[in-house]
Each structure stands twice: as structure tokens, then as C-alpha cells.
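Start from the sequences, fold in the hints, and give me the full structure.
Okay, here's what each chain looks like letter by letter:
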Amino acid sequence: MHNFSSDKKVFLITGTSKGIGRYLAEYYLNSGNYVVGCSRSKSDLVNDRYTHFEKDVANEADVLEIFKFIRKQYKRIDVLINNAAINPRILTAGLLSYKMIENTYKVNIFAPMIFCREAIKLMSRKRFGRIINMSSMAVKHEVRGESLYTSTKSAITAYTKVISKEINNLGITANVIAPSAIPTDLSANIDQEALHEVLSRNAIKSLGEMKDVSTAINFVISENSSSITGQVIYLGGV
Amino acid sequence: MNTLHIIFEAIDEINLSLEDVQMEKNEDTVIFGNESVLDSMDLVHFISLIEEKIEDESGDYISIADENAMSLELSPFRTVKTLNEYIKNLL
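The listed protein sequences correspond, in order, to chains U and P.
Per the numbering used here, the first sequence runs over residues 1 to 238.
Per the numbering used here, the second sequence runs over residues 1001 to 1091.
Worth flagging that the hints you see were computed from the coordinates, not collected in a lab.
Careful: at least some of the hints might be erroneous.
Unchecked claim - Calculated Cβ distances over 12 Å to all of chain U for the following chain P residues: (1) VAL1021; (2) GLN1022; (3) ASN1026; (4) THR1029; (5) SER1036; (6) VAL1037; (7) ASP1042; (8) GLU1051; (9) GLU1073; (10) SER1075; (11) LYS1081; (12) THR1082; (13) LEU1091.
Stated by the list, open to error - Simulated crosslink set (PhoX-like; lysine-lysine; CA at most 20 Å straight-line): (14) U:LYS68 - P:LYS1053; (15) U:LYS140 - U:LYS9; (16) U:LYS126 - P:LYS1053; (17) U:LYS72 - P:LYS1053; (18) U:LYS126 - U:LYS75; (19) U:LYS42 - U:LYS55; (20) P:LYS1088 - P:LYS1025; (21) U:LYS8 - U:LYS72; (22) U:LYS72 - U:LYS126; (23) U:LYS75 - P:LYS1025; (24) U:LYS18 - U:LYS55.
What the hints assert, rightly or not - Examples of chain P residues lying across from chain U (beta carbon under 10 Å, computed): (25) PHE1008; (26) SER1040; (27) MET1041; (28) ILE1047; (29) SER1063.
Note that CB positions come from ideal geometry on N, CA and C, so glycine has one too.
Structure follows, in C-alpha cells:
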């Protein structure tokens, strides 16, 4: 077990095996913080301050196990980033299977709500916490064929705004970061022609960069950002 | 495990964060409802303190969140006594 330095923050980031989650885990480790990450697959990220859980975020028992570790190891959590999400194949609403709807809602909505519930309880002990829920520009653009994914991201946005009002007096803020399309496995699954058509609606028409996400997150997780809550930050000039 | 003692310890801690009024340490103390000194977020904090103390003592985490938590009639958090009975049933 490493020596825990209390002047650094404890991050819990979901979906850290690849994409934005992996980037954020490395980014916050590089600045000396402690990161607990999880994904359904193994992680090859090796760092003394990183702990990876190979878990299903949509399984409540798995989530509770992660929090049990955090309570034991760190006794606190400073920042929760609900990043894990699935973006199913583009499909018109008339063809969505029940299983597809169920799986997408479990990962994109049920999971972040359970993570938030447990994080709020832990954060409330220290009267400090920062919750980031990741959304998407899809909420603004309302793209054909993305009704399922978009509806989950709209839901997480509304949920975050409501909880921000509930938890404010516990010293906890909750905000939404909604990136533009960033080159990841998730965006690679999307029809590239459709993706560029959607990007053309943004002020910035090129793909976004990872640093856009960390810059926005740094702003809202700052200890000085205690009054910035219930906000949705769209990246890319949406 | 002395669950009533755990609840009383949590009351001691929650009192540190209450400014105007304090929770009394007895079995009739109202935890949730009009007569409670706790608002809904204090209640979340209070519950998390109890969960933490149970975990520290037993090594097991139990979630004492309940869908009836905010129900005036059904909530296990009505009084210290009902909460104590509820936790004993969970353990």
C-alpha cells in the first residue's frame, strides 16, 4: 500500500480502460492525485496511485464493492467522474430492441445514479465533493437515429441539475460536461459522414481534443468553484 | 453489535454540524419528519455516518437507504427506536 498524501485528491472515474476515461485517469495521476478506475475489461494502466476494478458499472453489487475499497483505503472521495457510457448503433426508434434500450439505460443512467448516491454519502462526511456527469453534444443536435443514446444523455443532464440543488449545502457540486466528438472507440462506431455533418453545426467544426475535457473539468472541480453547480458545459461551440 | 450505541455516536457527530439545534440522544428522538432537526441532506449525512460505523465495527457494508425513507408513516427513520430496530433486522 502506498503512502497516502492528503493534500492530493481522490478521483473515481468510470470507464477508464480507453477513450476519455483512460485519458482522464492518466491526466489526474500525472498531477499527483489518486485515481480509482473501473471498466468491464482489464486495464494496463500501471501507477502506484491507480487502482483498477474490472467491474460492471450497471451492477449495484459491483459498484458497492468499489466504494467499499475507497472507504477503506482513502476514507473519502473528492471527485466522481461518471464517464462510462455506451452508444449503441445508430438505429431508428422503430427498430430499437428492448434489450438494447435496457442495456443502454443501465450503463448510461442507472450506473451514474448509483455512483452518485454512494459518492454523495461519502462526500457528505467531508462536506466537500465534485461530481461530473458526462453528456454529449447529441443532446443539442438531436440527431436522427440517436434517440436512445440522446435520451440517456438528456436524462443525465436533468438528473444532475436536480441533484445539484439537493447537495449544495453538503459542499458538493454537480455539473455536466458535454464534449464535442472526440476521436475514441465510441465515436469511431458512428457513421463518419453523419458525424461530420453534425460537427458542421458547431462553431468549431473539427473533432474535439481530450484536453478540452480536462480543461473544463479542472474549472468545475476547483475548490474555488463552490458556486458553480448545476451547469452544463458544452464543448466545441455547440 | 450495539446498534443503539452506533446511532448515538452518529448523533454526536451530526450535532457537530448542526448550528441552532441539537439532536437528543434518546430512543424517542425524531429523525425524520416535522419534529426532526434534520433536513433531508442532514439525513443523508446521518445515514452515511451510521453505515460507516457499522462497516468499521463489522467489516460489512450495509446500505440502510430505503425506498420508504421519506415516508412519514413507513420510514424506518421516524425515530431512533424505529431506526435501531430496522438496522437490527438488516444485520
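- Run the structure past the numbered hints and jot down the numbers of the failing ones, going up. 7, 8, 15, 23 and 25
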